[in-house]
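Visitor: All residue numbers for the sequence shown refer to this note's numbering, where the first residue is 410 and numbers rise by one.
These are computed hints drawn from the structure, not numbers from a lab. Computed from a predicted model, the values in this text were never measured in an experiment. Be aware that a few hints might be false.
Unchecked claim - Derived DSBU-like pairs (lysine-lysine); straight-line CA-CA distance at most 30 Å:
1) Lys730 - Lys753
2) Lys553 - Lys535
3) Lys737 - Lys753
4) Lys753 - Lys553
5) Lys723 - Lys753
6) Lys788 - Lys723
7) Lys737 - Lys723
8) Lys753 - Lys788
9) Lys535 - Lys737
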Amino acid sequence: MSVAGCRLAFTTGLCCLAACAPGAPAAAPAGPAPTAIVPPSPEQLAAPAPPAESAQPAAAPSPAAAPLAPVEPRPASPAETELAAADAALERDQLDEAGRHFERALALAPADPAARLGALRLRFAKLGLPLAYAEAPQHPELQKLVREAEALSAAHPDFAPALLEQGQWLIVLGEAPRARTALERAARLDPRSAEVPSALGAAYLATGDTPRALEQFERAVRLGPEPPERWTNYGTALMLRGRLSEAIRAFEHALSLRPDDARSESDLGAAHLANHRPDLALPHLARATQLAPERATFLTNLGYAYELQGQLEKAVETQRKAVALDPKLGSAWINLGNALAGLKQYEQAEVALRQAETLDPSDPRPQASLRDLAEVRAKEAAAAAPATGTGPSRAAPAKR
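The task is simple: from the sequences and hints, build the whole structure.
Guide: Below you can see the structure in the form of structure tokens.
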């Protein structure tokens with residue numbers, strides 16, 4: 410599951426299982442679930458709210474009361490019409506058309522913060538960066554966009570959309586604490602937005618605040634349950650809290666909304682892996698790699714499922730594809746080393762684990778796997794030594 414990534418689909422790279430150490434995958438320590446969070450089922454979210462009951466019957470309207478005139482919706486201004494057309498073009502990824510509409514909106518309303526923000530959003534779209542955590546750290550053009558969004562927010566402090574875009578771009582830069590500050594302000598200004606809690610949940614997740622992330626992702630699916638990305642983000646937070654059955658349901662619902670979504674397939678497979686069901690995980694992980702063969706994280710999860718199923722040759726083959734796609738993916742090197750060790754190809758296993766250790770010396774998993782590998786090799790060497798005592802001698806006891 411890819412924080413390695415909460416469009417806002419923060420495939421916050423949340424690869425919970427793409428970085429497994431040896432042994433069966435374990436969910437993050439659950440801890441007590443926050444009592445304020447009651448995870449909704451898709452059926453509960455789709456059901457209409459029951460009518461409010463009153464203890465007293467409603468009073469009949471007074472004959473003298475004049476009927477209220479219906480409120481007519483205000484017609485959109487020409488600038489608002491252009492902005493709506495620009496947004497629709499952005500959704501279709503038709504950037505040139507979106508640019509023409511944004512230019513007209515700016516010409517019609519040069520002081521309108523929505524028109525100015527639209528121009529910034531178009532520039533971000535042209536960068537081609539996914540809305541994923543730390544996707545582009547220190548990206549100079551993205552840093553410039555953040556500064557301009559901050560200036561727009563300073564000039565229009567009550568304009569929540571500028572804070573939303575600012576927060577999302579800060580997440581892409583990997584600056585989650587700053588993103589939290591901007592998005593918390595946006596949430597106070599626009600409590601009915603579904604996009605704001607979706608982004609804020611990703612920021613909380615990136616800073617390790619899983620309970621708050623879960624609360625925000627649940628709010629996002631309640632306010633806007635249609636986008637599947639919101640359900641995958643929600644499932645990710647549930648999974649990190651150890652609530653695997655609920656996470657599986659969330660991922661299944663995301664997949665029902667978009668059956669050909671590679672991320673939903675991979676996340677559902679990863680949840681089954683965490684639930685110690687590699688047999689259920691394999692079809693989803695295999696499907697994810699078919700839909701997105703360029704995603705190394707999907708491949709390493711698939712390879713890990715093969716390893717748990719005892720299909721070590723296929724595990725090694727799959728992990729080699731993963732490291733070829735992304736040589737810096739430490740989890741794939743770890744999984745490759747463990748699969749090679751299972752095949753008793755110890756020298757190659759050590760090379761793979763050393764590579765993982767080099768990529769991230771602070772990661773304890775390669776070191777743990779290397780210790781396990783050394784113990785296995787020592788035991789096999791001792792078992793193979795002749796009974797004449799010519800095998801490796803024990804170390805002498807330390808002198809006091």
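Visitor: When the structure is checked against the list of hints, which entries are broken? Sort them ascending.
Guide: Hint 4 contradicted; others consistent.
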